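*Asks:* Chains A and S are the protein sequences, given in the same order.
Note that our numbering numbers the first sequence so that position 148 is 148, with each residue one more than the last.
Note that our numbering numbers the second sequence so that position 418 is 418, with each residue one more than the last.
Do not rely on the hints blindly, as some may be mistaken.
Not everything, but these chain S residues come out facing chain A in the computed CB check (under 8 Å) [claimed, not checked]:
1. Ala24
2. Trp199
3. Asp305
4. Gly385
5. Gly388
Pairs of lysine-lysine residues, derived as DSS-like cross-links and limited to a Cα-Cα distance of at most 27 Å, are as follows [to be verified]:
6. S:Lys26 - S:Lys378
7. A:Lys173 - S:Lys378
8. S:Lys19 - A:Lys173
9. S:Lys495 - A:Lys173
10. S:Lys378 - S:Lys19
11. S:Lys378 - S:Lys495
Simulated from the structure, these hints should not be mistaken for laboratory data.
Since the model is a prediction, treat every value here as computed from it, not as a measurement.
Glycine residues also receive a C-beta, built at the ideal position from the N, C-alpha and C atoms.
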Amino acid sequence: MDVILQTVGTVGQAAGIALLYLHWRRRRVSGGGVLAAGWAFILIGMLPWMLGVSVERGLALASLAPMVAGLFLSAPHGLADLRSAARDRPARRRTAAGDAAAPAAEPPSPGHLARNTARWVGSLIVVPAVAIASMAAWQGFAPGSDVNRASFSIFVLMIVWVAALLWLLASAKPWRVTLITALVATALGGGIFIMTSGGTI
Amino acid sequence: MASGSRKPVWPRVPSAFVKGQLLAHKLLGLTLAAVMYLVCLTGAVAVFYGDFERWEQPFVPEISDASPEAVGRAVAYARAHIAETGAAPHDVYVITPSPEMPRLIIDYEDDVLAFDPNGDYAGPGEHTLTHFLTELHYALHLPWQVGFVIIGILGVLLVALCVGGAFALPRMFRDAFTLRLGSGRRLSRVDIHNRLAVWGLPFHLVVAASGATMGLATIAIAVAGPVMFSGDTGRAMATLYGDPVALAAQAHEAGLPTSNEPEARIVAALQNLARERPGNPPIYMTLSQFGTEDEMLSIGAGHPDRLIYTENYRFDSAGGLMSADGYAGGDAGKQVLASMFRIHAGAFGGITVKLAYLALGLGLSFICTTGVDIWLAKAAARGTGHPGIQSAWTSFVWGTPAMLASAASLYMLWQIPPEPVFWIGLLSISLGGIWVPQQRLHWIAPLTAGVATLVLPAAHLARFGAEAMTFAGTIVNVSWLAAAVVLIVLGVRNKLTSGTPQGRRLAQMRS
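In isolation and in its complexed conformation, chain S is listed as follows (with noise of 0.2 Å):
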């Protein structure tokens, strides 16, 4: 598009390096193509994962604020409640109400308790379907402790795509705008993975270190602890996150609270934080070694100015406000590892930043499918397709978001675990595309993710009936009715267009 007889900008990149990082980032792209649009659609999608929990139990009750005193009965009442099953945990989290999450849950191992703005117990309140989701994005439901380390890594790769694809791309501003849509299967499809990845990059970028970072802290504790602290890993995270012996020891000098309320000491530091941080609310609050002797209160009050997800405000034993872990205002390496989160999510600028972060992680789980068509429109101009690969892939693509619905609206109406559901049920799907003509996947596809995104709906009233419309049941429920209907306008059209001249061209061409 440039007129060709003005200077560039910057240096001539050699065409022998440019053709080295695509050759890189092909065969990296290629190789976790799959397990990336996996993680990337899980994860864009997992941006409203506040809304989902909402929507997954409308009957618990939505509060815009609980008074220290209700909280301190909802903790007392758990406190029983875990004394009485005989568990053990040990953590309990309390999630406080806050405009992100209207709700007073307290979340250990073994359940999820719900209570009303007295601090009243108000049922259940386990999110199954939005950790089946979570927990898929960023741990792939592998056992924990590994697979956020494996999704750590492909944070790293990410990058390494990201930016082998940018070297990749020496005429990256030069075709800022160029979109040929119009120019044949394979130089749309150059265009369209081009543009999303330029337009988006800082995005990609941002995503991806920041999601290998919280993946990978676990490895930089591992080898701290023998480079740094002469094998002792338990020094290593003190470091980073407080020695809980001396901070237990600290607590305890102060002694027991003034008042005979149940659970004192939470209503008194939670009395003490409003007062002395009046701009920072509480998000949540831990009791770390519960039910021990040196059990510990932390709170975790928001930050709205800062990036950081919380400061974590330590409680002495009689309430009083000890001490903060500084992230907010510590070393800077823990005010950039604090501020992981939120810039990984989305979560700092409402709803408009989680939109964006939807359009744009969206637009990286197809940049993750044109790579792969890109490579296939290549090889079957040179002569060399792969139609089974082509079908099996196709497949895997639209039969992950069926089968994302498909396990939810199963688990929705019968229970039945959303897990193996999905995973047999992807895998079922993209091998048998293998025998399916393109021609055919090509509608098929899209209509049937859209028949089964429209399910889910379906399985939600049924389920809990028209009371379940809550304002955040209603929005996530349109939402998931306005994407099938998308799908299968998407799926009936390919299969209109199909039968016309242009369409058997286009068909015959994929295949």
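So here's chain A without its partners, still in its complex pose (with noise of 0.2 Å):
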């Protein structure tokens, strides 16, 4: 039963992804009801999955048919492109427009030499050091067991690591990103240190 129920689902799902596609086709004149429907196609969907087994088991599997869905649905509009590539001149000409779309090369601004090596030792040393300086304060500071604390302090690690990452990297002033990163380390480092061992080394 539960097979079924789990096919059923699945389908169910394809078929959310399926009227999202329909949604996108027709240029979103269909209305935010098909829309709507989509989405809940594809959330009643999940349901079955967890029919017998634990939330997370359940929504492993159920995430994983509309990822497959949607790539499947991107290939009818590739399929149709390349198409009419091959047998519309004009295509050709945008083509050749598209791939000359690029702006010409410009020279290197001034300071991006600098800006480059503040990107490399922020990202090889001040990045870093502040994600264990937030792991190191989660642990420290966090409330819950120890097992808890220890071992959701990796995703603290992670998510800080990724934010001060993409903060140093999309900044157009590098070097003060990678300032104030070093600053927040030493401050987290310093206080950790400060708070477990009274100063004393």
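Both chains come to you apart, so use the hints to assemble them.
*Replies:* Following this line, the structure appears as structure tokens:
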């Protein structure tokens, strides 16, 4: 019985993705109802996977079908574009235009060496340092059992590392970000050291 | 594709933010593309590591179930063998037959022993090639402690790539199905890259975060020692994995087992587990502090309704069920950590999930390659192309599967260690590719990868003969064959199209 329901659920999820595809293909003139129905199908189709298993296992199983269905439904547009490009000369011109659309090479702006140095220093030293300091802070001060603090501190490390790295690499002023991050790392690390050891080595 | 008159669902993302995230994604992606491609490609294939182990050792008996007495006899043999050879392993692992690995194997630092259904020794059971593949994936063939942490950090960086890439796509939902395959090299690559990335995003985030979590657990313990336990890292380990001294003392209280048969404690433990936890079949057994007075017995038992790999049940010196480590019902943190392996390796829904993981993992590998392709195409369109880098990159991308297959074939035929063959070969191919024009690589590279892959099942047959065509052996060999055919057809197609005006134009664009 579970298998039948799960198959129905998978079909429902695929139908939900198909509704989203139809909504997209009709350039969204079909309105919000179709969009809502698509998402509803995807979510309701997840439910049978929760039968007889824990929530996390059910979610892991139920998340796979929409990903695969979405990829498959991208193919029609790709193939149609390929066919039209093959028979359409203007499309070939569009091809050339598309490829030539990239801006001409710009000479490196002044200070690019300093910015790149900041990015390397920040990425290799400062960002890992602030991530580890945050992990230590979580382990030292977060509420909960020892096991939970130690375990979830890995996710704290990951989140801080990702956020700090993206902030640094996306910044037009990476030295400033590196310095701020280094200050935060020092403050956190120093705070942890003082709190855990009383400041004695 | 949207009408544009409709109000967007959420506020418009500032273009400066998107531009910054694109820059971050580009810098990170280009820096990590090669190593990320290696890890992703080997990870996608390694999903089937259990099947590769069975393919690699086709003569090891396949067993659906082994009696506790048979397991006891196998352990008794291994104990005598270890004493004879003078080995002194700290831990000995007994892999009991399960649907995932229907074999009885005993594995310790120096050796791997295989057994038949009666628990009698059936021959060596090491899986050099499978380990070559999996260790490349989780440690890049570096020393375990270093490699595992580096791969954990790569997992964090992959999360950053996923998140940064998603931030850089403000039209993620609007362009969900846009795939302009016929609109020029750069646009088609951009769309393939983005569609694979967007639809696979939950999978990419999950495998990256779970890989990072497993790799960085040692960092968490190293930090927890000074921060939480006054510098005592042993206590940090004990908090997560149990205190071996206290557990050994508790186990001793039960006294000796009542029966006199070989390894009576193990036999009793398996019987007790079957009686007290009928829904949790054993997957492996650990004998830690092996051969000492404090030798501890624990059994990792599956929980088919959960995502955790196993719950670790501890047994006393008489084989009685003493305690559980709490992966199934203890602290949330333990349960989360114990769930990382199955979610990372796709080992939670049978062959269908593994095939989905293979497809999505290959998609992630393809995302790595198209990311670099996009950068190269943009540079070429700006008139600052890098033909040498492009050729080296193409050689590296196709050389990786070619060298994986070649190293495996050479080991299969003549037991040549695969690691040096792979790394020296890949380095030579990638550097040598710099001087090969892209038009030639366009067809030579996939063709070579296909031929190298074709050699692997042939080498397997040459070594083991037709008798090696067990169920797992046949499936894996047919899969290699299918992959080889696809690659060869791709190479031949590229060769044929390079002779047509359209193909020449394409090749010209590529170069």
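*Asks:* Give a verdict on every hint.
*Replies:* Comparing the hints with the structure gives:
1. Ala24: With Cβ-Cβ at 3 Å, under 8 Å, it holds.
2. Trp199: At 4 Å from the nearest chain A Cβ, S:Trp199 passes the 8 Å test, so the hint holds.
3. Asp305: It holds, given that the least Cβ distance between S:Asp305 and chain A is near 5 Å, below 8 Å.
4. Gly385: Nearest chain A Cβ about 10 Å off; hint violated.
5. Gly388: This hint is violated: S:Gly388 lies away from chain A, its Cβ roughly 17 Å from the closest one there, beyond 8 Å.
6. S:Lys26 - S:Lys378: 12 Å, holds
7. A:Lys173 - S:Lys378: 25 Å, holds
8. S:Lys19 - A:Lys173: 14 Å, holds
9. S:Lys495 - A:Lys173: Status violated; Cα separation ~48 Å.
10. S:Lys378 - S:Lys19: With a Cα-Cα distance of about 16 Å, the restraint between S:Lys378 and S:Lys19 holds, given a limit of 27 Å.
11. S:Lys378 - S:Lys495: The given pair, whose Cα atoms are some 25 Å apart, holds under the 27 Å limit.
Checked against the numbered hints above, the structure violates hints 4, 5, 9; every other hint is satisfied.
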